[in-house]
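*Asks:* Sequence:
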Amino acid sequence: MIRFEEEHHEIRDMVADFSDNELAPRATALDESGGSPRENLKKLAETGMLGVTVPEDLGGAGLDLLTAVLVVEELARGCASTAAVAQVHLFDATTSLLVQGSDEQKQRFLPSLASGDSLATVALVEPGAESDAGSIATTATPCDGGWKISGSKTFVIGAIESGLLLTVARTEKGSGVAGLAFFAFDPGTSGVVMRPRSGMLGLRGAAIADISLEGVILPEDAMLGGEGGHSPAIMRTLERSRIGAAAVAIGVARGAITEALGYASERRAFGRTIDRFGAVRGMIGDATVAIETARMMTYRAASLCDRGATIAREASFAKLSANRAAYLATKSSVQILGGNGFSREYPVERMFRDAQTLGIYSGSDDLHRMLIARSLIGERS
Numbered sequence: 001m002i003r004f005e006e007e008h009h010e011i012r013d014m015v016a017d018f019s020d021n022e023l024a025p026r027a028t029a030l031d032e033s034g035g036s037p038r039e040n041l042k043k044l045a046e047t048g049m050l051g052v053t054v055p056e057d058l059g060g061a062g063l064d065l066l067t068a069v070l071v072v073e074e075l076a077r078g079c080a081s082t083a084a085v086a087q088v089h090l091f092d093a094t095t096s097l098l099v100q101g102s103d104e105q106k107q108r109f110l111p112s113l114a115s116g117d118s119l120a121t122v123a124l125v126e127p128g129a130e131s132d133a134g135s136i137a138t139t140a141t142p143c144d145g146g147w148k149i150s151g152s153k154t155f156v157i158g159a160i161e162s163g164l165l166l167t168v169a170r171t172e173k174g175s176g177v178a179g180l181a182f183f184a185f186d187p188g189t190s191g192v193v194m195r196p197r198s199g200m201l202g203l204r205g206a207a208i209a210d211i212s213l214e215g216v217i218l219p220e221d222a223m224l225g226g227e228g229g230h231s232p233a234i235m236r237t238l239e240r241s242r243i244g245a246a247a248v249a250i251g252v253a254r255g256a257i258t259e260a261l262g263y264a265s266e267r268r269a270f271g272r273t274i275d276r277f278g279a280v281r282g283m284i285g286d287a288t289v290a291i292e293t294a295r296m297m298t299y300r301a302a303s304l305c306d307r308g309a310t311i312a313r314e315a316s317f318a319k320l321s322a323n324r325a326a327y328l329a330t331k332s333s334v335q336i337l338g339g340n341g342f343s344r345e346y347p348v349e350r351m352f353r354d355a356q357t358l359g360i361y362s363g364s365d366d367l368h369r370m371l372i373a374r375s376l377i378g379e380r381s
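The sequence shown begins at 1 in the numbering used here and counts up by one.
Keep in mind the hints are simulated off the structure, nothing from the lab.
Be careful, since some hints might not be right.
As a list, the in silico SDA-like pairs of lysine to any residue whose alpha-carbon atoms are at most 20 Å apart [what the hints assert, rightly or not]:
#1 Lys42 x Lys148
#2 Lys173 x Ser190
#3 Lys173 x Pro142
#4 Lys43 x Ser118
#5 Lys148 x Ser190
#6 Lys148 x Ile217
#7 Lys106 x Asp17
#8 Lys331 x Ile372
#9 Lys331 x Arg313
#10 Lys106 x Glu56
#11 Lys148 x Arg236
#12 Lys148 x Val192
#13 Lys106 x Pro127
#14 Lys106 x Thr141
#15 Lys173 x Ser118
#16 Lys106 x Arg3
#17 Lys331 x Glu345
#18 Lys173 x Ser198
#19 Lys106 x Phe185
#20 Lys106 x Pro142
#21 Lys148 x Asp186
#22 Lys43 x Gly163
#23 Lys106 x Lys173
#24 Lys43 x Asp20
#25 Lys42 x Asn21
#26 Lys106 x Gly48
#27 Lys331 x Ala312
#28 Lys148 x Ser118
#29 Lys43 x Glu6
#30 Lys42 x Ala16
#31 Lys43 x Phe4
#32 Lys43 x Asp17
Between beta-carbon pairs, the in silico distance windows are [to be verified]:
#33 Gly215 x Ala279: 56 to 62 Å
#34 Thr189 x Met1: 31 to 37 Å
#35 Lys173 x Ser375: 27 to 33 Å
#36 Ala269 x Pro232: 44 to 50 Å
#37 Pro55 x Asp221: 49 to 55 Å
#38 Lys43 x Ala178: 29 to 35 Å
#39 Arg108 x Gly199: 33 to 39 Å
#40 Ala178 x Val289: 54 to 60 Å
Just so it is clear, CB atoms sit at the ideal spot from N, CA and C, and this is done for glycine as well.
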């Protein structure tokens, strides 16, 4: 059961106002420049929302994952690029430290992440491996006083703005998630080479880069939690990441339908506004059902996670349903706007492109269909 407290509503309303007033007016310019959402993130840090799930004694708000979902969803209504960077900071990097970090590592990193003085990102995806953790080939080999990290990561969201880089590397030979571990370090460390991505279809302002780790030497305490027992923690981090990515897609879908509704209420054809046409109403109705279904899936997954339940399947439910909602809502919005839907003068053009990109990161539709089917087939075996 999903329970919303008064605090949930208050925070959602506050972030919605921030998104409408601070993010949406700048979203198109950020997309066209392909720059960084640095100024947006500085303003977001002032609200305290970059530390929403960090415990209060470490400088955060000490709130639940459901609150973080609401925050990211509202941010994405205004600007998907800004929301994506915040999502990775909250759901990927901060979660990794909360789930796997030692007390000393939490004390060292989390206060600055909670305040927004430093942003963090996670370099997980490798060329040709999508977001399948079991296929990671980056290695971490013991060396004098620490670890030597070698490998390549691609499409790292927020990399250009990060003050803390977390990556996953293989400490033991083999395949699958066994033998993997998280490492946290300064992206300015010798051997870290960033190559900014440009010309992206969507999320053009999400400070995305490819990263090469060319014999990066790290101290022993760069490994989160020390050696051994990382596999379950890594999977928990991935599950939370998928919930956060779903929230971004839902926000984009909602933003697109809001734009379409506004346009349809003013655009006239055959003597009446087009929101009176059955075809337009049908598209809006179908998209709204998809959005609300995805919201409930995502809120449920976050609520279960907050209660300590296993959420592997629920995280895939959320991500897959959110992907589909974003595809449908943005496509329908473009159709409702007609030729204007393909014009950069209207936000739905950008939202349509963002939705295509969001459908790939944190696991494609094919990956999540496979994970859901595998869980069902396993139950029947």
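*Asks:* List in ascending order the numbers of the hints, as given earlier, that are violated by the structure.
*Replies:* 1, 2, 7, 8, 9, 11, 13, 14, 15, 16, 18, 20, 23, 27, 28, 29, 31, 34, 36, 37, 38 and 40
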